[in-house]
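Given the coordinates of chain A, assemble chains B, C and D onto it according to the supplied hints.
There are 4 protein chains.
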Amino acid sequence: MNDAETTVRELKDLVLAFSRERAWEQFHRPKDLGVALACEVGEVLEHFRYKTDDEVAAALADPANIRELAHELADCLWVVLRLSDVCGIDLAASLREKVELAALKYPVEKAYGRPDKYTRYQEPPGGTADA
Amino acid sequence: MNDAETTVRELKDLVLAFSRERAWEQFHRPKDLGVALACEVGEVLEHFRYKTDDEVAAALADPANIRELAHELADCLWVVLRLSDVCGIDLAASLREKVELAALKYPVEKAYGRPDKYTRYQEPPGGTADA
Amino acid sequence: MNDAETTVRELKDLVLAFSRERAWEQFHRPKDLGVALACEVGEVLEHFRYKTDDEVAAALADPANIRELAHELADCLWVVLRLSDVCGIDLAASLREKVELAALKYPVEKAYGRPDKYTRYQEPPGGTADA
Amino acid sequence: MNDAETTVRELKDLVLAFSRERAWEQFHRPKDLGVALACEVGEVLEHFRYKTDDEVAAALADPANIRELAHELADCLWVVLRLSDVCGIDLAASLREKVELAALKYPVEKAYGRPDKYTRYQEPPGGTADA
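Protein chains in written order, with the working numbering: chain A, 1 to 131; chain B, 1 to 131; chain C, 1 to 131; chain D, 1 to 131.
For the record, the hints were derived by calculation from the structure and aren't laboratory data.
Worth double-checking, as some hints may not be accurate.
To be verified - Calculated cross-link-like contacts (lysine-lysine; reagent style PhoX-like; alpha-carbon spacing at most 20 Å):
hint, chain 1, residue 1, chain 2, residue 2
1, D, Lys12, A, Lys117
2, A, Lys117, A, Lys98
3, C, Lys51, B, Lys51
4, D, Lys51, A, Lys110
5, B, Lys51, C, Lys117
6, B, Lys51, C, Lys12
7, B, Lys51, A, Lys12
8, C, Lys12, D, Lys98
9, C, Lys51, B, Lys110
10, C, Lys98, C, Lys110
11, D, Lys51, A, Lys51
12, C, Lys12, D, Lys12
13, B, Lys117, C, Lys51
14, D, Lys110, A, Lys51
15, D, Lys12, C, Lys98
16, B, Lys12, A, Lys98
17, D, Lys98, A, Lys51
18, B, Lys98, A, Lys12
In isolation and in its complexed conformation, chain A is listed as follows (with noise of 0.2 Å):
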């Protein structure tokens, strides 16, 4: 399996099969797959805690850091397959809507080069961006 060849439901179905093995998709509730996918993101985030980008950067030049890396934030995509799965929700349809949602809220003409949430840039003149 690799990105270049494997679909998002060949991925979904590898981790719903290992699930079904397990009898575990009694436990696979919306909300406890949504607590799971917090737990994960912690773990993915102990790689770059109290770290400069820097020495991010260098701990990921070691192939072993990377490779702990890529298993958090496989179970991060795991997560996220099952919870999708379970919901119903096609993931690849789903992001290409975002994408394109995402690209009115940010014309590139506006967002060239900014990190700013759209609010910023949208806000009418003495207006305030709502949380």
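Below, chains B, C and D without anything else, positioned relative to chain A:
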């Protein structure tokens, strides 16, 4: 685009193109993408907080709520795709590898129907499983 | 030290002294403390994932589990104390202010017995509440 | 209310009264409060994403941004107070205990000026530190 036909690489390229058009690659340091992932997961969890599992199920019977959740999950996937891409991580290969490792930690005969962490049934007699 | 007698400043000073003794203040940049907070919250959530509310309640009837959870919550508090301290934020004053603002958003007569976000009952007819 | 004079119990009582007035205690199951905490931390992290440490420092030189961050931190504290209260956890005692345990894991002579996790310097020769 849909899960049955779209490869992970195609999704990576979709969001990479979005970043390139806006000159946003400069902001996509691994640590910042990790931070972004935690932000997006918080938005996923907004759909579940202070709701019982039954209330979540009822809410997700409404296509409008499923669509909102689909967009939040798409945002999480977006960040996972970017973070793996900037780190040169192949997600499908990493997930396959992680599933194989998980199969060793959670053998079917021990894990069947049990949601516990593997440390629960790997503990030696009298031992303690440290987090 | 106990909640009835200990002030927030005493707790801030406890963890500040710990950092000073180890020359750790240099690592306590606000962003890193934010990252650390997400890590610690992930560990709190480990206590809840794949457990129903009844199973959580049963687990928390065991003092050993309560003590573990207490330590995870203490870690979250630790980071909140450090982050507020490095930013010069008075937590008690901020909480009091936030509670007053919340009382405006969630007036008793509208919010009584309802877990919804305030946007649900503030929406004008036909309006939409944006996330 | 301010950090120098306000005890943790007074803060717990402040947010408990808010919940009681609105009959919200019924929603404050431990798992839901854990979910809420992850949501609030996501909002804290919004202040840091795609910003370098210097850009964060510049933003936090603006009192309006500090006030926003103070409110997000107050929200985190609010949830930590509620979660500890519903579980009968004394936060000050737990933090004191956790600090004492951390002092054993991170002895000054080993941890001085080092941000590493304790497992890095506790490993036996040839040993591995499992996550």
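Cross-check of the supplied hints:
Taking the CA atoms of D/Lys12 and A/Lys117, the gap is near 34 Å; set against the 20 Å cutoff, the hint is violated. At most 20 Å may separate the alpha-carbon atoms for a hinted pair to count; A/Lys117 and A/Lys98 meet this at roughly 15 Å. As the CA atoms of C/Lys51 and B/Lys51 are separated by approximately 15 Å, the hinted pair is consistent with the 20 Å bound. Proximity of D/Lys51 to A/Lys110 is assessed by CA-CA distance (about 18 Å); at most 20 Å being required, the pair is judged to hold.
At most 20 Å may separate the alpha-carbon atoms for a hinted pair to count; B/Lys51 and C/Lys117 meet this at roughly 12 Å. With a CA separation close to 34 Å, the supplied pair B/Lys51 and C/Lys12 exceeds the 20 Å bound. Restraint check for B/Lys51 and A/Lys12: the C-alpha separation of about 26 Å exceeds 20 Å, so the hint is violated. With a CA separation close to 14 Å, the supplied pair C/Lys12 and D/Lys98 stays within the 20 Å bound.
Among the hinted pairs, C/Lys51 with B/Lys110 is consistent with the structure: their alpha-carbon atoms are about 18 Å apart, no more than 20 Å. Between the alpha carbons of C/Lys98 and C/Lys110 the distance comes to roughly 18 Å, so the proposed pair stays at or under 20 Å and holds. Using a Cα cut-off of 20 Å, the hinted pair D/Lys51 and A/Lys51 holds, with the two alpha carbons roughly 15 Å apart. At roughly 17 Å between alpha-carbon atoms, C/Lys12 and D/Lys12 fall within 20 Å of each other, so this suggested pair holds.
Simply put, B/Lys117 and C/Lys51 have alpha-carbon atoms about 12 Å apart, close enough for the 20 Å limit, and the pair holds. Using a Cα cut-off of 20 Å, the hinted pair D/Lys110 and A/Lys51 holds, with the two alpha carbons roughly 18 Å apart. Using a Cα cut-off of 20 Å, the hinted pair D/Lys12 and C/Lys98 holds, with the two alpha carbons roughly 14 Å apart. Note on B/Lys12 and A/Lys98: the hinted pairing holds, with a Cα-Cα distance of about 14 Å set against a maximum of 20 Å.
With a C-alpha separation of about 23 Å, the suggested pair D/Lys98 and A/Lys51 falls outside the 20 Å cut-off, and the hint is violated. Note on B/Lys98 and A/Lys12: the hinted pairing holds, with a Cα-Cα distance of about 14 Å set against a maximum of 20 Å.
Going down the numbered hints, you'll see the structure goes against 1, 6, 7 and 17, while the others check out.
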